[in-house]
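Build the full structure now, drawing on both the sequences and the hints.
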Amino acid sequence: MTLLDQVRWFPGARALVSPFRDEIEAPGPLCGRNLGPKWTVDGFSALLSGLYKHSWVAPVAIVDLHGLGADDTPDRALLDYLEGGLPPLWTSRRHGLRSMLIAGTVTGPGGTVLAVVENDGRVRFQVIERLVYVLRELFLIGPAR
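The letter at position 138 of the sequence shown is residue 138 when you use full-length UniProt numbering, and the numbering goes up by one with no holes.
Keep in mind the hints are simulated off the structure, nothing from the lab.
Ideal Cβ placement from N, Cα and C applies to all residues, glycine included.
One or more hints might be untrue.
Using C-beta positions, here's what the derived DEER-type ranges look like [stated by the list, open to error]:
(1) Arg93 / Ser55: 30 to 40 Å
(2) Leu4 / Pro109: 18 to 28 Å
(3) Ile141 / Asp71: 23 to 33 Å
(4) Asp64 / Gly121: 16 to 26 Å
(5) Pro37 / Ala70: 22 to 32 Å
(6) Thr91 / Pro37: 17 to 27 Å
(7) Arg8 / Gly121: 16 to 26 Å
(8) Gly67 / Pro109: 19 to 29 Å
(9) Asp5 / Gly84: 16 to 26 Å
Structure follows, in C-alpha cells:
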C-alpha cells in the first residue's frame with residue numbers, strides 16, 4: 001500500500017485533487033478566514049482533526065519552501081517516520097513563499113504526515129512539524145452560510 005493510499009482526505013479534498021478533473025466543484029458560494037501564522041504542532045493537529053467534522057473544507061497554507069522536506073523524499077522514509085517518529089533528513093532546495101492546499105493526513109504511532117497539493121497539482125507529503133515551522137499564513141475556506 002502506498003502512502004497516497006493511506007491518506008485520510010479532508011471532506012471535499014479528494015475531488016479537488018483528482019487528476020481527472022478539469023475544474024473544481026465547490027458547494028456553492030465560499031467564504032474564508034485567515035487563521036494567522038502562529039501555530040504549535042499540537043494546536044495545528046487539533047485544528048486539522050476538527051476539519052473532518054465538516055462537509056466541505058479547504059485549508060490553504062502559505063509556507064516558506066526552504067524549510068520543507070525535499071519533494072523527492074522516499075515514501076519509505078516517511079513510512080519509517082510514521083512508525084517510529086524519526087523525521088526524514090532530506091530538505092527542500094527551493095526558496096520563496098508558496099500557497100498549498102492541505103488535503104489530508106496520514107497518522108501513525110510516530111507522527112503525522114500531511115498530504116499537500118502545490119500549484120502544479122501534484123500531491124506531496126510533509127511531516128507536520130516541518131509544515132508548522134514554515135507556516136506563514138493559514139486560510140480556512142468553506143461554504144458561505
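Status of each hint after checking the structure:
Taken as a hint, the range 30 to 40 Å holds for the pair arginine 93 and serine 55, whose Cβ atoms sit roughly 39 Å apart. Restraint check, leucine 4 to proline 109: a C-beta distance of roughly 20 Å satisfies the suggested window 18 to 28 Å. Taking the beta carbon of each, isoleucine 141 and aspartate 71 are about 25 Å apart, inside 23 to 33 Å as hinted. Judged by the Cβ atoms, the range 16 to 26 Å given for aspartate 64 and glycine 121 holds: they are separated by roughly 21 Å.
Our hint of 22 to 32 Å for proline 37 and alanine 70 holds, since their Cβ atoms are close to 23 Å apart. Between threonine 91 and proline 37 the Cβ separation comes to about 21 Å, which falls inside the hinted range of 17 to 27 Å. Range check, arginine 8 to glycine 121: about 20 Å between beta-carbon atoms, so the 16 to 26 Å window is met. At roughly 25 Å, the beta carbons of glycine 67 and proline 109 sit within the given window of 19 to 29 Å.
Between aspartate 5 and glycine 84 the Cβ separation comes to about 20 Å, which falls inside the hinted range of 16 to 26 Å.
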